[in-house]
Amino acid sequence: MKKTIEVVSERNHIYRQRVELDGFDDLFVDVPEAYGGEGTAPDPHDYFDLSLGACKAITSQMYALRKKWPLTGISVTVNRDDSQERHGTYRLDVAMTFHGIEDPEQRSRLEEISHKCPIHRLMTTSTVEVTTRTVERTAEA
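Here the sequence shown is numbered in my numbering, starting from 728 and rising by one per residue.
Only true hints are included.
In silico lysine-lysine, DSSO-like type, Cα no more than 30 Å apart, as pairs:
id, residue 1, residue 2
1, Lys843, Lys795
2, Lys843, Lys730
3, Lys843, Lys729
Taking CB as the label site, the calculated pair distances span:
id, residue 1, residue 2, range
4, Ser810, Phe751, 31 to 37 Å
5, Arg864, Ser810, 35 to 41 Å
6, Gly766, Thr799, 31 to 37 Å
7, Ala822, Pro771, 18 to 24 Å
8, His814, Leu748, 30 to 36 Å
9, Lys795, Gly766, 41 to 47 Å
10, Ala761, Val862, 29 to 35 Å
11, Thr731, Phe775, 18 to 24 Å
Simulated from the structure, these hints should not be mistaken for laboratory data.
Owing to the predicted nature of the structure, the values given are computational and were not obtained by experimental measurement.
The C-beta atom is built at its ideal place from N, Cα and C for all residues, glycine as well.
Please construct the entire structure, taking both the sequences and the accompanying hints into account.
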């Protein structure tokens, strides 16, 4: 599936970007004040990290629903350690709480299933190829 995401710099802001995805309200991205931004929106790392947490929660919910387990909700906390990012190591610690699940084996299975979410696999087992090019903007009608 191909999906186009458009990122447009916001006027009158230092680094703030507006992200357009078909069918959704716009999202915004900024840089923390400590790095020269205004801190008005999550930064790119935040979106990277939250995509993992959200994907793990959704994958676990789908599995529990299919198994008809008594899951009533999931809380996910993602803690980032980017202190070694410049040296090639970016650490994410994910803590998950499965509300309504009392059976330790079911909780363990849901955690195991969360490792199979598409974003976890993308981050840990895939080769991601990025092609960047400059294009000329066509005149708008």
